[in-house]
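Keeping the supplied structure of chain Y fixed, place chain P upon it in accordance with the hints.
Read top to bottom, the protein sequences are chains Y and P.
Sequential numbering of the first sequence, starting at 1, is according to our numbering.
Sequential numbering of the second sequence, starting at 1001, is according to our numbering.
Be aware that one or more of the hints could be misleading.
[To be verified] Incomplete in silico selection of chain Y near chain P, CB under 7 Å:
id: 1; residue: 141
id: 2; residue: 170
id: 3; residue: 177
id: 4; residue: 191
id: 5; residue: 197
id: 6; residue: 248
id: 7; residue: 252
id: 8; residue: 256
id: 9; residue: 258
id: 10; residue: 259
id: 11; residue: 372
In case anyone wonders, no lab produced these hints; they're calculated from the structure.
None of the values given here were measured: they were computed from a predicted structure.
Glycine residues also receive a C-beta, built at the ideal position from the N, C-alpha and C atoms.
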Amino acid sequence: MMNFTLPYSLSMPMVMLLGAVVILSVCSAFAVKYRNLGLVGAVVAILLGFGGVTLDNPNLVYYTGFVLVISLVNLASLRALKSAIQGVDYGLVGLMALVTLYIFTTQDLAMILAAFVLVSVPTYILVMAREGGANVEVGIKYITFMVLATILFLIGAVILAYTKNAFNGLLYILGYVMLVLGLSIEVGVAPLHEWVPDVFASADPIPLSIIASLAKIVPFVIALKILLATASELTISITLFTAVLAAISMFTGNIGALTSKEPGRILAYSTVANMGYVLACVVVIVKPQYFYFALTGALLMLFANAAGKIGFFNAIKNKGAFSPLMYLLAFSFIGLPPLMGFWGKLFILFTLVKAEYVWLVALMVINSAISVPYYLRLARELGVGWKPDLVNYICLVAVIIILITFLPDWFFRGVEVIAQSVGGIVI
Amino acid sequence: MNEWLVFLLLFLAPVLSSVPIALAYKSKEWTAKLPYLSVFGIFISVLMSLYILFTFPEQQYSYPWIPEVGINIVFITDYLSRNMGVITAVIAFFIGIYGLDYMKGDYRPSWYWFFFNLFTASMLLVVYSDNLFLLFVGWEGLGAASWGLIGHWFRDDNDIAYVGKEGRSVGPLRLYWPPSFGGWRAISTIRFGDVPMFFAIAAIWALSPTLNISEIEWGSLFTTLGAAGTIILFLCLLMGLFTKSAQVPFSEWLMTAMTGPTTVSALLHSATMVAAGAFVFIKLTWYIEPWHLAETMHGAGLEGLEYVYIVVLFIGLISGLYGALAGSGMLERKVLLAASTMSSIGLMFAATAASFWVGHFAVLVGFWYMAVHAFAKASLFLVSGHLIHATHSRFLNGGREFAKKMLPACIVTIIATTFLVGIPLLTSYWVKSAMDEVMEHLVHDFGYLPLVLLVLTSVVYAGIMAKFLALNFIKGEKPHHEHTEGGTLMKVGYALMVSVLFLLLYLIFTLEETHEFVAAGAFFKQGMITVSFAVGILALLAYLVALYRPRISFLSGLGTFFGDRMYLPFLNDYIVPKIGFALAGVVQNYGNTGIDGFFNTKVIPGFFGNVSRRIRSIQTGYLSRYVSIVLGVVMLILILISLVSLKGVVL
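Extracted from the complex, chain Y is given alone in its bound form (with noise of 0.2 Å):
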């Protein structure tokens, strides 16, 4: 590979992230004037950073391409949101799309860190988003619990990357909690995931559909890497722990979804329950033979749900969209083969199964059940007939991310490759 080499010892990549955010940058400054600039700069600066990733790491592109197409979706799904901040928010999503574009090329904690908050912060000022003066109600409850969050996993990753070096249970132990309920209070884990259903049902469709999707990603990757390592001998016992929050989020999301009527509040605990699945994987650790297992299905599910919030969410902003579309979409969130939605529950349960968690693989299964009835009524709801706008495309796009995976043979082998480079971090 060609290896432009600068006087600081900066690789290509580095590079063209350099210049990536240096063109979002100025691009979003004059964005507030120029509005189109914004999203010009927006998509340059992912391009640039699609690029920059994939050539550092060829293997790392069945991530980076989905990533990319995910990122310039929620791009185009802006444009019908005229806010306060139209033109900067194409800015915040570039940012959020280039930091979880390079998430897999650093092993520096620092970077990792910084990583994390670079995904969350832009969020806050994205939920407030809507037609005509900010949401600042939802503002304020969002931000709240998204500092909490910041703190308990900023804390919790320090504490456990301190163990590894000189090792003390009760840290791990504290560490490993406060990493996971960090995480928890992210992306809306019950039981503390109060915060999802009233922000889903009051914020603006769009800017829910980004931090429905797109956010949700980068959490679960840093998780994922710390915890895999500083793992000690401690951490089967406390995978438990985990274990048992995950069944909790997966019945609350799912049971609560069952009565509830708004379609905002529908998604909000379709994410409590998602998030929910996700975070089994994190069981992984006590086998780290099989890692990228988990990885896999971690990845897959976040894509899908990604994918079917965007469609969803839109498609309530538009008050409609074609209803195979939406069904095709519901499928996939039930877990319908060979859509992208059972393959990631698929490679999820195997994990499980490997790690020897048996009775959660069935906690899992009977959800995916007891999510059907409300998938089903959301489909139902948001489904009209086909208009050529943009709402439609999107949800389009959307069926596509879900229906690429048809056969998962080429992106597990490429998740493969991946995990195999997730190895330790350097403090």
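Same frame as chain Y, but now just chain P:
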């Protein structure tokens, strides 16, 4: 000619020759012409069966079907099959000829001829089949054809097709049945018996390496099953045979099967289908050879078999008596004949069952009685059909004047009845004598009971046959309509049919295996009158008495009781349905509703609804509350975890 070609023609000729008329059901022009093709198809079967009778050796012919499970297409041309095959085909042919005239102008000729020929093919399959499963296929075909044909006049639009007196009812039960119901009664009763039979066949398949009747090791099978097993297996199998052959208590369907066209009654319900049950029993007994087993086998299995044969013996005898008595109270032509048919078949079962104690001879007696009865009864049915057409009534009526106009019918009736009841020297006398002798031999095991029942049955039977003759041609009331012209083919049909009785008489005297029949019919033995001759004389007397006084008014109450079939219809139409409906009611109102309520409407949805609402009630909207919840949970978990780790449970 190649054997398999013969068999192919034998079974397929009737079916294929009916396909055109079935397909042309819309065209009146074609459906008037094509019945001739169907009858021709049956004629081919006649030729094939005769060819088999005269040229094929007595052996088994096997063609692979599902060899892995031991189910193959296996035919056998032994004594029983080859003769019964000819009987079936010939009777079907004669009735087919008759039917060309009888069914002219009727509606749904395609339906009729298709099922008529399907029936013939199925019956031939039952007769020639050696493999029990293949036999069952034919068996089911009989049932389907029976339903189709009995319910032929399904529109219930003409009283002449009904059974029973209009408006007559006893208690809650209406004793007046339309054709559609007749068809249903037939198939439901037969089905009821077929299911246990199927299980019995399955059990035999599971326990025996082969399903071919001639090859099954019956002795070892019974030993494996033990007494209880043998009894259960056979009773299940017998359910199929008894329901098909309309034995007590399953005889009701046969009575109301008279709602079908007379050709159907003649073919199915006198000569072949109802005889199928008896035929299968004869065939099984032929190969089981219980008389041998009684000598060579010891142990529980044999006891079980003995009980089974006792059951068959007495059910046969009781059905015989019941049928004859019921016939004595009948006022409808065909129902009288139907009751007498059921009676005769009972005697066939009884005679064959007696072989357990008497030996192979009894089986032969049963079979020959079947043959004689088939031709005689079929002729009588055909005559009835012609009479029904001529008088537009299904009830017994017609006097001497009428007899003169319907002379062929009258003559055939005289011949058929006298040759059937056992009047000395006439065909069935020799067979019935052999039967008397068989029952005599049972004295050691059962006393005189079987013989008494047989004699009683014979006497009443003779009476009812005479009643049939008298009330139709001598002493009956004058018919309201008389339409006696035409019907040439009908006359040809029953004339041909009755002439076979002469042939049978000839065969009894010339064939080797029937020498004993002749010996049994001897008038005197050691200077004393033989039992057989005495019975023959009694039958003759009963016949003459009934001829002179067919209706005895002071016995009319008893007659009505017999005519109502001793209230047996209550079992079929009232008791069993009530049980069924009660069961269905319980399942629906408690079972289904319960399951539905639990899973679909009340319990589980209610549970989920409740939990769901509780979860959603956390969302009060107040940030302060949320924060307290979250901080509280976080703190609680951290403290608990710390305590647990400090306590050293984890460390």
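Here's how the hints hold up against the structure:
1. At a threshold of 7 Å, the smallest CB-CB gap from residue 141 of chain Y to chain P is about 5 Å, leaving the interface hint in force.
2. The beta carbon of residue 170 of chain Y is positioned within 7 Å of a beta carbon in chain P (closest approach about 5 Å), and the interface hint is therefore held.
3. Annotation: interface hint on residue 177 of chain Y holds; nearest CB of chain P at approximately 5 Å, less than 7 Å.
4. Proximity of residue 191 of chain Y to chain P holds as hinted, the smallest CB-CB distance being about 6 Å (cut-off 7 Å).
5. Interface hint at residue 197 of chain Y: satisfied, since its Cβ lies 5 Å from the closest Cβ of chain P, which is below the 7 Å cut-off.
6. Look at residue 248 of chain Y: its Cβ only gets to about 11 Å from chain P, farther than 7 Å, so that hint breaks.
7. With a cut of 7 Å, the hint placing residue 252 of chain Y at the interface with chain P holds, because the nearest CB-to-CB distance is about 6 Å.
8. Interface restraint check: residue 256 of chain Y against chain P, minimum CB-CB distance 4 Å, threshold 7 Å, status holds.
9. With a least beta-carbon distance of about 5 Å to chain P, the hint placing residue 258 of chain Y at the interface is held under the 7 Å criterion.
10. At a threshold of 7 Å, the smallest CB-CB gap from residue 259 of chain Y to chain P is about 4 Å, leaving the interface hint in force.
11. Interface restraint check for residue 372 of chain Y: the shortest CB-CB distance to chain P comes to about 12 Å, outside 7 Å, so the restraint is violated.
Against the hints set out earlier in the document, violations occur for numbers 6, 11.
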